[in-house]
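As a plain string of letters, each chain reads:
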Amino acid sequence: MVETGHFALVLAFALSLVQTIVPLFGARLNNQRLMAVGGPVAVTGFALTALSFFALASAYANSDFSVASVWENSHSLQPMIYKVTGTWGNHEGSMLLWVLILTFFGALVAAFGSNLPATLRANVLAVQGAIGAAFFLFILATSNPFIRLNPAPIEGRDLNPVLQDLGLAIHPPLLYLGYVGFSICFSFSIAALIEGRIDASWARWVRPWTLVAWMFLTGGIAMGSYWAYYELGWGGFWFWDPVENASFMPWLAGTALLHSAIVMEKRSALKIWTLLLAILTFSLSLLGTFLVRSGVLTSVHAFATDPARGVFILCILTLFIGGSLALFALRASRLTAGGLFHPISREGALVLNNLFLTTATATVLVGTLYPLALEALTGDKISVGAPFFDLTFGPLMLPLLVLVPFGPLLAWKRGDIIAASQRLMAAFATALAAMLVTGLFIDGTSVFAALGIGLAVWLIAGALTDLAVKSGVGSVAPAVMLRRFAGLPRSVFGTALAHLGLGLTLLGIVATLSFGTEKILTMRAGETVELSGHTLRFVGLYPAQGPNYSEDRGRFELIGVSGSAVGEISSAKRFYPVRQTTTTESGIKTLGLSQLYISLGDEAKDGSVVVRLWWKPLVTLIWGGGLVMMAGAAMSLMDRRLRVGAPSRRRKQAGAEAPAVLP
Amino acid sequence: MTRKQKRLSVIVGGLAFLGAATGLTFYALGQKASYFYMPADLTTASVQPGQRIRLGGLVEKGTIQRGQGATVAFSVTDTHKSVKVTYTGILPDLFREEQGVITEGSFGPDGVFVADSVLAKHDERYMPKEVADGLKAKGVWQESKSE
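Same order as they appear, the protein sequences are chains V and H. Per UniProt numbering, the first sequence starts with residue 1, numbered consecutively. Per UniProt numbering, the second sequence starts with residue 1, numbered consecutively.
Treat each hint with caution, since some may be false.
Here chain H is said to cover these stretches of chain V; the calculated rule only asks that three of the stretch's residues, wherever they fall, bring their Cβ under 8 Å from a Cβ of chain H [as the list claims (entries may be wrong)]:
no.: 1; segment: 317-324
no.: 2; segment: 379-389
no.: 3; segment: 465-473
Calculated cross-link-like contacts (lysine to any residue; reagent style SDA-like; alpha-carbon spacing at most 20 Å) [unchecked claim]:
no.: 4; chain 1: V; residue 1: LYS605; chain 2: H; residue 2: LEU91
no.: 5; chain 1: V; residue 1: LYS470; chain 2: V; residue 2: ALA411
no.: 6; chain 1: H; residue 1: LYS32; chain 2: V; residue 2: PHE138
no.: 7; chain 1: V; residue 1: LYS381; chain 2: H; residue 2: GLU104
no.: 8; chain 1: H; residue 1: LYS32; chain 2: V; residue 2: GLY379
no.: 9; chain 1: H; residue 1: LYS32; chain 2: V; residue 2: LYS519
no.: 10; chain 1: V; residue 1: LYS519; chain 2: V; residue 2: GLY379
Honestly, the hints are just simulated from the structure, not real lab data. Since the model is a prediction, treat every value here as computed from it, not as a measurement. Don't be surprised by glycine CBs; every beta carbon is placed ideally from N, CA and C.
Using the sequences provided together with the hints, build the complete structure.
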């Protein structure tokens, strides 16, 4: 089975070369038969990669320690779920997951792209094939997951205990679906540059792919943040760690792309910019892969460091980013630029959004790469953390967030800022009230808290105002209003939901940072502690045995008003003997939208235990907001205009579009 | 406004915005980035009390003292020099004697380093990259020690 997987991987590499070369020449020579090769090859390549992945996963599931990767990252005593998810809990396997998703997206284009112009489809598949070829070669040359050991060891070395968690089943696949999903937008852009033209079907195709990739990336980042929050036991949700930034940069650029693609689709403007953004977004995804996989950074994600890998990925990075930007420089002038438009308009607002988001991306990029560059050049080691990003990223986001509710209320071409402001009066009053309530009744000492809560409420109320205005609240009869509301395009709901989610996330962040409380103390069994109105009693430490670890579980009781226990929380210190590693399992109790968080420390000689407790008000909104944003993207995808698999309608629309093909 | 003036104002506005963002970024890099030092570097570098730095090295053997509550004192050493560090909170799971560690914080007026975060990775083979490089540069690193 392992050899079958290895062989399938080599075959998939060979097919990716065919997928790169044949359709590309076909498009060049305008040869239908050569171009038609791309589709079946892409689908077969995906099937082979899936077979290869399945072979590796079954080696993991069956604890086949004759495979080096399984021996290094698995153990026969691990629960089955972690045996399987361990497939991608290591460098080799996670790269295989990467190409699996890449070929999956290629196969999707092949399967659903029958209504694309033949040359565009051929070129897209060729570029997709080229990315695949580079990464297949990388895997086969430097990170082969199928290498055997002889003689086979009897027992494996266990998966990194931090990764033995359900988060591993969700976070990497979601994140990769997002990262790699942007490859489609990239391939479409390169194909457009090769052809030297962008036609209507281009924008129509790129937007849904951007939405899909963005949706998964949002989920992947939110899930990663929640995982780090409960697993690392530090109680933080975002550390501005370079590895986090590596996924955050494509998200920011992708958000900009999402918005500029709207302008391109509706107004046939910002074409060149959208194209460049699509290239940059995927370039940042590649950069992220490089930062995380090359071992340049030391983090939980750097499974193993091998200089050859770093150099190889750096070559891929240079080839694709450099190549695509060079092609852009050569060909962009051939594409027709859209005209300028009125600054106060929907498209004007979207341009402003792009300006802020791309600048914010650039500051994150500088903050992430500057320490690496400085160390390479001068040898000085610096760390750029939260204080840097608070000072740069924060001020850039503030005005953008203030402006968000205006955007959807402005008309295309020529908007009316005064009318939009009047419509937002209710939202503004709500935000002001929230600010006053926060300042006067909750915490009068923190300006940040009051402003932050006000801003979050402004975003939430603004998103709701958008829906209310568009369904005619206050100007038509309730029955008409309901009918209008139900009849609103799905993309309008999508926008409102995404902006609502943004507001919810901000509310969670501000509330947790401003009103959260923390206590560090030593406790003995039977003692109680109070934190922000919650009384906790430490019951005691109880040793227990897990499948591949032993633990000391500290049990706590939440004491109600009556004095009796109303809930239990437990946090544990786990010891994994195979890796000689200790981890902390944090104890979390969700109360409404807020959480009590307990992290167990060391046991002192006298039997008392160091305990760190947090009260985190509204903290779940941080990730809940992410889910709402995902729902917004899903809603937009269901919009009639974007529905994949409705070719007749699209063809009709494409025909009706005035400048269908631009010279 | 004519088309030309409009375009000019858009470009000027955009450039001013980018200029402000760039200025802010460089200011922040100068002010907010924290430098990494090993104990022996501190004799030559001038680090003011209150200035945020990261101090890395090995936890010196026999120096870990648990004080009142959750406060812990220990010394960080690079085998040439050592620095006293105090920290209040929960130490990372892999905090042990003679383990590589990075602490972040600033010096108090009494010359004791007050750390607000202590990092040590969840991996038995782990040695923070900065500490490993620093120890190699000072010639006290043996490759065998890393495994």
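Against the structure, the hints:
1. Coverage of the segment 317-324 of chain V by chain H is violated in this model, with 0 residues showing a Cβ closer than 8 Å to a Cβ of that chain against a need of three.
2. For the segment 379-389 of chain V, the proposed coverage by chain H is satisfied: 8 residues have a C-beta within less than 8 Å of a C-beta in that chain, meeting the threshold of three.
3. Chain H is given as covering the segment 465-473 of chain V, and this is violated because 0 residues of the stretch bring a CB closer than 8 Å to a CB of that chain, at least three being needed.
4. For the hint pairing V/LYS605 with H/LEU91, the CA-to-CA distance comes to about 16 Å; that is within 20 Å, so the pair holds.
5. For the suggested pair V/LYS470 and V/ALA411, the alpha carbons sit about 12 Å apart, so the restraint of at most 20 Å is met.
6. Between the alpha carbons of H/LYS32 and V/PHE138 the distance comes to roughly 38 Å, so the proposed pair goes past 20 Å and is violated.
7. Restraint check for V/LYS381 and H/GLU104: the C-alpha separation of about 13 Å stays at or below 20 Å, so the hint holds.
8. At most 20 Å may separate the alpha-carbon atoms for a hinted pair to count; H/LYS32 and V/GLY379 meet this at roughly 18 Å.
9. With a C-alpha separation of about 27 Å, the suggested pairing of H/LYS32 with V/LYS519 is violated against the 20 Å cut-off.
10. The hinted pair formed by V/LYS519 and V/GLY379 fails the criterion: a straight-line CA distance of about 39 Å is larger than 20 Å.
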